[in-house]
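Visitor: Given next are the chains, with one letter for each unit.
2 protein chains.
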Amino acid sequence: MNVHNLKGFRDFLPVESRKRQYMINKIRTAFSSFGFEPLETPALEYEELLMGKYGAEGDKLMYRFTDNGDRRVAMRYDQTVPLSRVVAQYGEKLVMPFKRYQIQQVWRAENTQKGRFREFLQCDCDIVGVDTPLSDAETIVAAGKAVEALGFPNFKILINDRNIFNELATNEQLKIEDSQLPIIIRAIDKLKKIGQEKVIEEMISNGLEKSKAELILKSMQNQQPTMRLKTIFHLLKRMGLKSEQFIFFPTLARGLDYYTGLIFEIEIEGYTAGSVAGGGRYNNLIGMFATRQIPAVGFALGFDRLLDAMEENNLFPTNLQNTKVLISIFNMDSEDNAVATFAKLREENILCELYSDSNAKMEKQLKYADQKNIPFVIIQGPDEIERNVLILKNLQSREQKTLSIDEVIEILK
Amino acid sequence: MNVHNLKGFRDFLPVESRKRQYMINKIRTAFSSFGFEPLETPALEYEELLMGKYGAEGDKLMYRFTDNGDRRVAMRYDQTVPLSRVVAQYGEKLVMPFKRYQIQQVWRAENTQKGRFREFLQCDCDIVGVDTPLSDAETIVAAGKAVEALGFPNFKILINDRNIFNELATNEQLKIEDSQLPIIIRAIDKLKKIGQEKVIEEMISNGLEKSKAELILKSMQNQQPTMRLKTIFHLLKRMGLKSEQFIFFPTLARGLDYYTGLIFEIEIEGYTAGSVAGGGRYNNLIGMFATRQIPAVGFALGFDRLLDAMEENNLFPTNLQNTKVLISIFNMDSEDNAVATFAKLREENILCELYSDSNAKMEKQLKYADQKNIPFVIIQGPDEIERNVLILKNLQSREQKTLSIDEVIEILK
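As they're listed, the protein sequences go chains X and R. For what it's worth, our numbering labels the leading residue of the first sequence as 15, then goes sequentially. For what it's worth, our numbering labels the leading residue of the second sequence as 15, then goes sequentially.
Since the hints were made in silico from the structure, they are not lab data. A portion of the hints provided could be inaccurate.
Heads up, the list lumps identical chains together, so a pair's fine if it works in one copy or across two of them.
[As the list claims (entries may be wrong)] Simulated crosslink set (SDA-like; lysine to any residue; CA at most 25 Å straight-line):
#1 Lys21 <-> Glu61
#2 Lys40 <-> Thr332
#3 Lys386 <-> Gln118
#4 Lys40 <-> Leu365
#5 Lys74 <-> Met15
#6 Lys378 <-> Gln103
#7 Lys204 <-> Thr265
#8 Lys207 <-> Asp318
#9 Lys21 <-> Arg78
#10 Lys21 <-> Ala304
All values reported here derive from a predicted model rather than from experimental measurement.
Let's have the full structure, built from the sequences with the hints guiding it.
Guide: Structure (structure tokens):
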């Protein structure tokens, strides 16, 4: 039997799980501080709701099957289609504008050889129901504040407007055909990753003339911000974002076809694996089930990349394990005293753990505390019990002191 | 198209989701305070690992299918089989005794007409690797403290030892055959729910003589605690549990066949829908993939029932929405001032929200604050801007005061 987790799926053992919890708490707090509220949707949806919403690739990568009641169902593939369903289904029950965040797993049958996971956490944050520069700016600031809350002081928000590409399309000098625009956008989107030459190569390989490809790239790089972007930049400053924290980036395209206005990405200084957040305005998506246009703006944090970047930058607190002291048990006869000490420390709200086996050797108990990163151990043998004292051992310095229970409490508090 | 969530699956809109988050945080903190550590396992596992582990009923209710790579997979049905897999797979990497908690969704194709859900949260907490009265007692106390942390002062822990049923089996007067024992246990387990007469009826309908059924029930009710239970009761008292918080309950059976010693359930005074937590010792389960016996003790909280009981007892804080003030926008011209106020309040760490549309009528903005349960609204029209003051409106009393920004900050802090 294959006693193993599935490829592309991960177990998170305590050390990892604690880190994830730490991040999720920080992110929730940051989102909440702007008035975003939590939403949870089921792991399974009717297949017909999801099919075709993510293109042919999405249909292929989706986990979908026939359930016991002969319904065709599919596992959550993203959180935007479920959000659209919720908006259509609950209508008036939702407070509009609907500012919601959603932090749940999604499942995609990705090629794991590319280092991708088949189960991963998405952290989405969106404002549904308004199409204003204010909501655009607030979304950008919320994304920045979430990244900041994780401990990154130096990040840069790259900002663009999808309409810049439409301006490109209507530029009479360039004579771009409608069918060429997606090809151009997809190529330019890779500029940061692959550089100018390769972007031009890609456009050429997709049927554009060399001179035209060069001209397009040059015009893109010289683009000026749209009126809307100018308003957004003004608001960002008023909201307290520093000028070095954001930049107009006319060649930022973002792959997804559904953006209709603002697009942005966040990069962390020194972290080269890619952007850690991305989003924008998408006015034609959320209404898909509601049969009317419902504007929206939002972003997703790249949870795994952020975790990776936090590791690289040592941003996790050294002791996420919060037990301060292990109460060891010297032998069977001292069990009762150990339990009393445990009760006493708990009463004083000192985070303590009681070793669960009075037959275990002291060496094993000390190793346990070391492995769990617990800083102190209390030892109380027959001598100490008779003298009504405790030994408090500091596992870092390996020092130990004989103290009264009150002195121990004072030190640990 | 069926724009709806699947039957038995739930969306949690902000008000509900906040409550769930509140509970999960309390539960995590309670578990952590005993040194239990978080574990997360994937939503999908190899089908062969799960099949047969929950009986024929489990196989039937499990969501399982063939994935895109032609693997037979199954969705998480509980958290005990995944824990067993983790223990077998990671071995030495885990700190033993392994004290872990796990709070994740599980999926079961239940009959929804019985008010059951097909997706629900399980909250498991277990100590793996020791078979000691200490770990039994600690588990019970941890369960009690979690229930207490949610705000229930009056709960009762019903405690029994599965070996009491074995003693019954070897009672020479009763002459119970091995094959009859599971039938008897299953009947007695229902005592609290259906009463004495029906329990006896059930035993009779399963082939026992009436006099024998009566004698069995009577002997059960007169059982004395085992030696192990006596030790556990002593430890519970030493750990600070009050004597009215737990009781020896010789007819408590708990349906599951896998318990090997201690069994317990927690009931909340005045809450009649059933126990809110249950668990016990199960020494023959966790080793299923490790090919050796690995003792374990643990429990699960009934998350949905606890939420239900908290609602009944008004135990949720009145304002889980944490925004203190909505900064409204009087009109387009005052947008800039509203944004400046927003930045200023954020700087002072006051939880505030900026309305995202400067074209919305004031009435709509006030309604928004009301719906989101935000206690204050700041209004600043052209007059106020000229006089450099703000109006602070209390939405509960409907009172409003004209104040300087510093006065507003003082009030909101």
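Visitor: Need the list of violated hint numbers for this structure, in ascending order.
Guide: Hints that this structure does not satisfy do not exist here, as all of them hold.
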